[in-house]
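The listed protein sequences derive, respectively, from chains A and B. Taking the working numbering, the leading residue of the first sequence gets 356, the next gets one more, and so forth. Taking the working numbering, the leading residue of the second sequence gets 4, the next gets one more, and so forth.
Watch out, some of these pointers could steer you wrong.
Unchecked claim - Partial selection, computed: residues in chain B whose CB lies under 10 Å from chain A:
no.	residue
1	P19
2	D22
3	A111
4	V135
5	E142
6	E176
7	A181
8	L197
9	V220
10	P228
11	S241
12	V244
Hints are computed from structural coordinates only; laboratory data are not their basis. The structure presented is a predicted model; accordingly, all values stated were derived computationally and were not measured. Backbone N, C-alpha and C define an ideal beta-carbon position, used for all residues, glycine too.
Spelled out from the first residue to the last, the chains are:
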Amino acid sequence: MANIFAFAEARGGELRKVALENVTAARKLADATGGEVHALLVGGPGIASKAEQLGQHGADVVLVCEHDGFTQYNPEATTAVAAERMQSGGYRAAVFSTSAQGRDLAPRIAARLGVGLVTDVTAVELNGDKVVVKHPMNIGKVMATVSMSGTPALVALRPNTYAPAQNAKAGRVENVAPIGDPSTARVVVKELIQGGKGKLDLAEAPVIVAGGRGLKAAENFKLVEELADAFGNAAVGATRAVTDDGWRPHSDQIGQTGRLVSPELYIAVGISGAVQHLAGMRTSKTIVAINKDKDAPIFKVADYGIVGDVFEIVPALTAAVREARKGH
Amino acid sequence: MGAQRVKIAVCIKRVPDMDVRFKIAGDGASLDETGVKFDLNDFDAWAVEAALQIKDKAGQGEVVAISLGPTQVQETIRKALSMGADRGVHLQADRIPFDGFSIASALATELKDGGYDLIFFGKLSPDSSNGVTGPMVAEILGLPCVTAISKLDISDGRGTAKRELEGAQEIVEFPLPAVLTIDEGLNTARYPSLKGIMAAKKKPLEIKPATLNTPQVTIEKLELPQDRAAGRIVGEGSAAVPELIRLLQTEAKVL
Numbered sequence: 356m357a358n359i360f361a362f363a364e365a366r367g368g369e370l371r372k373v374a375l376e377n378v379t380a381a382r383k384l385a386d387a388t389g390g391e392v393h394a395l396l397v398g399g400p401g402i403a404s405k406a407e408q409l410g411q412h413g414a415d416v417v418l419v420c421e422h423d424g425f426t427q428y429n430p431e432a433t434t435a436v437a438a439e440r441m442q443s444g445g446y447r448a449a450v451f452s453t454s455a456q457g458r459d460l461a462p463r464i465a466a467r468l469g470v471g472l473v474t475d476v477t478a479v480e481l482n483g484d485k486v487v488v489k490h491p492m493n494i495g496k497v498m499a500t501v502s503m504s505g506t507p508a509l510v511a512l513r514p515n516t517y518a519p520a521q522n523a524k525a526g527r528v529e530n531v532a533p534i535g536d537p538s539t540a541r542v543v544v545k546e547l548i549q550g551g552k553g554k555l556d557l558a559e560a561p562v563i564v565a566g567g568r569g570l571k572a573a574e575n576f577k578l579v580e581e582l583a584d585a586f587g588n589a590a591v592g593a594t595r596a597v598t599d600d601g602w603r604p605h606s607d608q609i610g611q612t613g614r615l616v617s618p619e620l621y622i623a624v625g626i627s628g629a630v631q632h633l634a635g636m637r638t639s640k641t642i643v644a645i646n647k648d649k650d651a652p653i654f655k656v657a658d659y660g661i662v663g664d665v666f667e668i669v670p671a672l673t674a675a676v677r678e679a680r681k682g683h
Numbered sequence: 004m005g006a007q008r009v010k011i012a013v014c015i016k017r018v019p020d021m022d023v024r025f026k027i028a029g030d031g032a033s034l035d036e037t038g039v040k041f042d043l044n045d046f047d048a049w050a051v052e053a054a055l056q057i058k059d060k061a062g063q064g065e066v067v068a069i070s071l072g073p074t075q076v077q078e079t080i081r082k083a084l085s086m087g088a089d090r091g092v093h094l095q096a097d098r099i100p101f102d103g104f105s106i107a108s109a110l111a112t113e114l115k116d117g118g119y120d121l122i123f124f125g126k127l128s129p130d131s132s133n134g135v136t137g138p139m140v141a142e143i144l145g146l147p148c149v150t151a152i153s154k155l156d157i158s159d160g161r162g163t164a165k166r167e168l169e170g171a172q173e174i175v176e177f178p179l180p181a182v183l184t185i186d187e188g189l190n191t192a193r194y195p196s197l198k199g200i201m202a203a204k205k206k207p208l209e210i211k212p213a214t215l216n217t218p219q220v221t222i223e224k225l226e227l228p229q230d231r232a233a234g235r236i237v238g239e240g241s242a243a244v245p246e247l248i249r250l251l252q253t254e255a256k257v258l
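Could you put the whole structure together from the sequences, leaning on the hints where they help?
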């Protein structure tokens, strides 16, 4: 029997989808050995109301740490409370996300506990006294099988790899006190600047419409935005060439130095398919490419391609998608 | 900040060119490096640039480039020196370990008594693709840490940074000394000038053994994932749209 720790990531008082992914993955690990899932939820006043969702997704226990000093992400005080619980809890493995917050937090906790950590994990299992994970390397061109010997072994999952699954457990709430006063941490988040209201994030959107240089000018990105809007559940991405030129913010960049995404559907508009871009999206489930050059490398990874003028094809596709989704 | 002396360390990594078909070595758990070109990691180049800009603004100080690995990492350190770093430290190891905690412990041993105001890292390296070393070093040294910075202002012993999140950003304040990891967008790294390259040859480069602890994270096996099966061209121009819609609905089932 081995209990598994899951970090329930929240931002701005809301659970993030990756919190449910972490709990789902932890549930699978715990079920393999008959153990329990303990999810840690850290946030400002009111965050405890999110505990129920964690129980629905498989948490036996939800450890809730509520404090004014956690209203914004508080890396130092969160490290302290998580590390303390992980030390005293006797967990076999601890599941985080390879999100901006997970990337910031998990290494600090691992170093404090003196244990190993692998990020961008696409599969995790217990194997005897080891935790074994799959970890893509070299921009996805190489897949590593990695064994981890520390206890707990810290893994940070690639977002969108473990789809949140309903698996109701007790979700018994236990309140956890912060270690010291979180308000006195040295690193202080003064402000959270949220993207557009209701705007889907690239990591969470089931559909991504991305644009490249083939769009010719920043203002033509509205074609991409309109196509995304037609889907109703799509986010907009871009290539590095486009973000370097300032057509879109750097946070929209998909590729080797930007975001790694794996949506259900990826539509590449006017993107030639440089290796650095493919690195960020080649694990998408279905890829559609629209490009005027029939020899563009993007067509080598695309399931479906249309050759031709994006300014003619994309508006037609937008109208057809709207028509197909009527009634949704 | 006026004429206040700053001392900055930049931890840099030698990484393979990604635009190649990788080959797995005979042991099944490492890559065959024959014919592979290596260079300074992009994120680390932006970290070097950030350090040089802060030193320039302060008017005086020192930028130290530190790298762990085999003898060849000295080329990578020389590149940082040719960009303008003042001196280099090579922590010798047969190979760069995969275990980030092992790397972080060795770097922390070197950095601990260095009296650095700032310690910079790139956000991650594309080869091992873990992105853990910077915050682990911060934790070992007990220093404040801000990761994935796309904007930075340092003055009067304090810093303000912008962090990139998924679809959002955070404005973060922190005291110095601190560990910072650099994201794309903070700056554009300068190219070494010919003068810089000549000067770099004469800059001090200290060589010492890395103190590596036993790794807890080990690569058992490497595999080359199958390329995606080649797809098909549905058609040309907007005439192909109805067929694409049909395929998305009935075959891919995503619409």
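Taking the hints in turn, this is what the structure says about them:
no. : hint : in the structure
1   : P19  : holds, 7 Å
2   : D22  : holds, 5 Å
3   : A111 : holds, 9 Å
4   : V135 : holds, 4 Å
5   : E142 : holds, 4 Å
6   : E176 : holds, 5 Å
7   : A181 : holds, 8 Å
8   : L197 : violated, 26 Å
9   : V220 : holds, 4 Å
10  : P228 : holds, 5 Å
11  : S241 : holds, 4 Å
12  : V244 : holds, 5 Å
Hint violations for this structure: number 8 only, all remaining hints satisfied.
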